[in-house]
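Chains as they are written, first to last, in this note's numbering: chain G, 225 to 666; chain Z, 225 to 666.
If you are wondering where the hints come from, they were derived from the structure by calculation, not from laboratory data.
Glycine included, every Cβ here is placed at the ideal spot set by N, Cα and C.
Warning: the hint list may mix true and false statements.
[Claimed, not checked] Covered stretches of chain G (chain Z as the covering partner; in silico rule of three or more C-beta atoms under 8 Å from a C-beta of chain Z):
# : segment
1 : 255 to 266
2 : 473 to 486
3 : 527 to 536
4 : 539 to 546
[Unchecked claim] Mimicking DSSO-like on lysine-lysine, the simulated pairs with C-alpha atoms at most 27 Å apart in a straight line are:
# : chain 1 : residue 1 : chain 2 : residue 2
5 : G       : LYS387    : Z       : LYS536
6 : G       : LYS536    : Z       : LYS536
7 : G       : LYS315    : Z       : LYS315
8 : Z       : LYS315    : G       : LYS227
Protein chains: 2
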Amino acid sequence: MHKVLSYLGLGSNEGDRERNLRTAIERLGQTPGIRVLRTSALRESTLVGEGPKQDPFLNGVVEIETTQSAAALLAVCKALEAAAGRALPAKKNHPRPLDLDLLLYGDLRIDTRDLVVPHPELLARVFVLEPLLELGLSEELLRERCAIERPCLLTAQSELSAKCSEWLEGGCLVGLVPTMGALHQGHASLFERARRECDRIVATIFVNPLQFGPKEDLAAYPRDLPGDLRICAAAGVDAVFAPSPGEMYGDGFCSTVAVGREAETMEGALRPGHFQGVATVVARLFALARPHRAYFGQKDAQQVAVIRRLVKDLGFPLRLVECPTVREPDGLAMSSRNVYLDAADRRAAGVISLALRTAQEAFRGGERDRDAIVRAAVAVIAAEPRAQLDYLELRSDGDLLPQPAGAVSGGRLVTAVRFGAARVVRLLDNMPLVENSESSQS
Amino acid sequence: MHKVLSYLGLGSNEGDRERNLRTAIERLGQTPGIRVLRTSALRESTLVGEGPKQDPFLNGVVEIETTQSAAALLAVCKALEAAAGRALPAKKNHPRPLDLDLLLYGDLRIDTRDLVVPHPELLARVFVLEPLLELGLSEELLRERCAIERPCLLTAQSELSAKCSEWLEGGCLVGLVPTMGALHQGHASLFERARRECDRIVATIFVNPLQFGPKEDLAAYPRDLPGDLRICAAAGVDAVFAPSPGEMYGDGFCSTVAVGREAETMEGALRPGHFQGVATVVARLFALARPHRAYFGQKDAQQVAVIRRLVKDLGFPLRLVECPTVREPDGLAMSSRNVYLDAADRRAAGVISLALRTAQEAFRGGERDRDAIVRAAVAVIAAEPRAQLDYLELRSDGDLLPQPAGAVSGGRLVTAVRFGAARVVRLLDNMPLVENSESSQS
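If we strip away everything but chain G, and leave its shape as in the complex, we get:
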């Protein structure tokens, strides 16, 4: 059986600290498949991070030789912590009689839900680093082993699949956030939501040529990978997949994924092929990454409806998470295309959300007639000479299908408005009709 050299970090700041550590080391040595080779000197440290006032820790590192898998070693550590009287589930940064961490396991890198090796804080924690150096490991070696890029940048589709497979098989809940880059606070809000809900999150950055028409702004679409990577890093994104168009659509690519009903009207009617391009790239990303959750902004409401249909119809086993639109102070929905607006158009563009809020107020004031509600919004946009309305419709919420004329009980206002003369900028927005004001921005 293969023998692996491994290092465990031990700590205690409750009860008889030294006895707790010595007992743990002794019981480690009695465990089948584990041989304790050496133990560092024990030393004191104070709590890292915020927590209640507590005694200093006594820390050390043991070097073991083991035939156990890393996962089995972790289970042994948990059992020893429990045997030492550690309360479970452990409260973060509270005093504990025993804390055991798997620091290194041969030269293996492990990235699973319950175990990351080398330990992510290995270099940052003096009470771990010093004992390892004492046991003869070189700082250079440790720095090399622990050099982990975050987010890790993936450009090949095979890298994306392999990384996500590792996470999936390691029990991680994986979240995917597909974007076209030029990231702003709206995207950041998707990353933050994904970060709260998932064990690992991957952002994709790809300006998808399939979803641009021949006269559209594919070439001009803003691109800023270094800036995007900084935003991803700040939001705690684990991996960024940023492929080239050739990587996505090379080698005789000739397949299409299309959605019917949800993709037929509004953007689908004005931008032929657009949603087919969206459905194709999103299906491809879902197939490659196999995420448990996928995050999209509600700002592109029809896109969300199309993708919801795609997920249902093709059976991708994932949860689609729609996130509220993030707005500028004047109410303009954040969009990568807002940078196209000149100063005057930018000032005028606040009219879109004003129009939607006006219709919303009419609804709250008791107006229930579909066309009257729509007229209230259209009138606001018509009053702004820089704005040209493509459409403004009151659709059912969720699937965004047309509602019959007459009385409505709710729904969602969906609009596209053009600005600019030399260069046309199309801006999308939408707002639900709701009685209370809580979700008026979603």
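Using the hints provided, position chain Z relative to the given structure of chain G.
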């Protein structure tokens, strides 16, 4: 920490058998997170299954209470086996100083690559069952816990996704064999190949309405779920997914997946929409099941080319495995539609493979002209008055794209031939042009 009552089976037939078992039980009790509660009497048994002549086993069962996970318990068992001097990797059914099996772990069912609990042979092995009864477990309870349907029949898409997720996260290599049922030896050969290569295999049985044209044989297509399940059981299929059309295409289904080039000619030209139906259902099955490998028969060569393109273009991280055509004694390729043939047509249908072999022989005899090779095959079919040729083409092998006229260095002959007057039966076949005779049937 949650405490679980678990049962381990112990066996030894090498060295001091009793000492081996007693030592293992003692070391189990010293392991963190494990408390040995009771041990059954030890008893002798002889080897189950084939193996070299060897001494009888001494067996027993221990009851433990543990805070360890089932996977960690398994690791402890492996470490104890190694510590007892068991050679690794262990040879199947060879003498061993110690054999430890996790029989039960609370009432948990586990179905992973390395661990299946309750132990699949629990009821079949007297030397395990008797000690469990001795320790007070009722036979009724054991029968209930171990009642595992095989293959397990899944009808809801959510069941398929959940079962495959369990396998994926349990480290299993999962193979998918999509079929339309009416299973024959051709399908069985796919199952056997998948069984050899994968940890878990799932067959799907679904007569996919999307791939039938309005005048085609959807209603008449043969269906025999009980017979199919028997074939799956005999081939060691782990799960069968047999959904209703409503389960697959209910609730406003309106999405399509389509492949370009590979789907345009031959079957694609004669059966409009056929390959779109195939691509849609296969993409859906891949999305739901997320297999590592998918098995298809070479008999439907263009279908394989279309699916290979689909896998590449959408990025499904799986390996497509093409399996050789299985033939009747007269050379007719096995097909569920062969049952449609009346006796005279059935006798005549051998002409298809005869025609392909004739062209193959011409190639082996030195003929290299594309059209001359095709003419050699067409002449054979033309001589059979019951056969009507839809097409017979010499395509490039693999992607089945057209080859220019003139000299060829190889390729694949692909044909569709109709039989029957009142009821038309279209039969497909294909054969590679190869110099040696080894793969002439593939």
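Evaluation of the provided hints:
By the rule of at least three residues with a Cβ nearer than 8 Å to a Cβ of chain Z, the coverage given for the segment 255 to 266 of chain G holds, with 4 such residues. With a cut-off of 8 Å between beta carbons, the segment 473 to 486 of chain G has 12 residues touching chain Z; three or more are needed, and the interface restraint holds. Counting residues of the segment 527 to 536 of chain G whose CB lies closer than 8 Å to any CB of chain Z gives 3, so the stated coverage by that chain holds, three being the minimum. Coverage of the segment 539 to 546 of chain G by chain Z holds in this model, with 3 residues showing a Cβ closer than 8 Å to a Cβ of that chain against a need of three.
Taken as a hint, the LYS387 (chain G) and LYS536 (chain Z) pair is honoured in the structure, with Cα atoms around 18 Å apart against an allowance of 27 Å. Distance hint between LYS536 (chain G) and LYS536 (chain Z) is fulfilled; the C-alpha atoms sit about 22 Å from each other, no more than 27 Å. As the CA atoms of LYS315 (chain G) and LYS315 (chain Z) are separated by approximately 46 Å, the hinted pair breaks the 27 Å bound. Note on LYS315 (chain Z) and LYS227 (chain G): the hinted pairing holds, with a Cα-Cα distance of about 20 Å set against a maximum of 27 Å.
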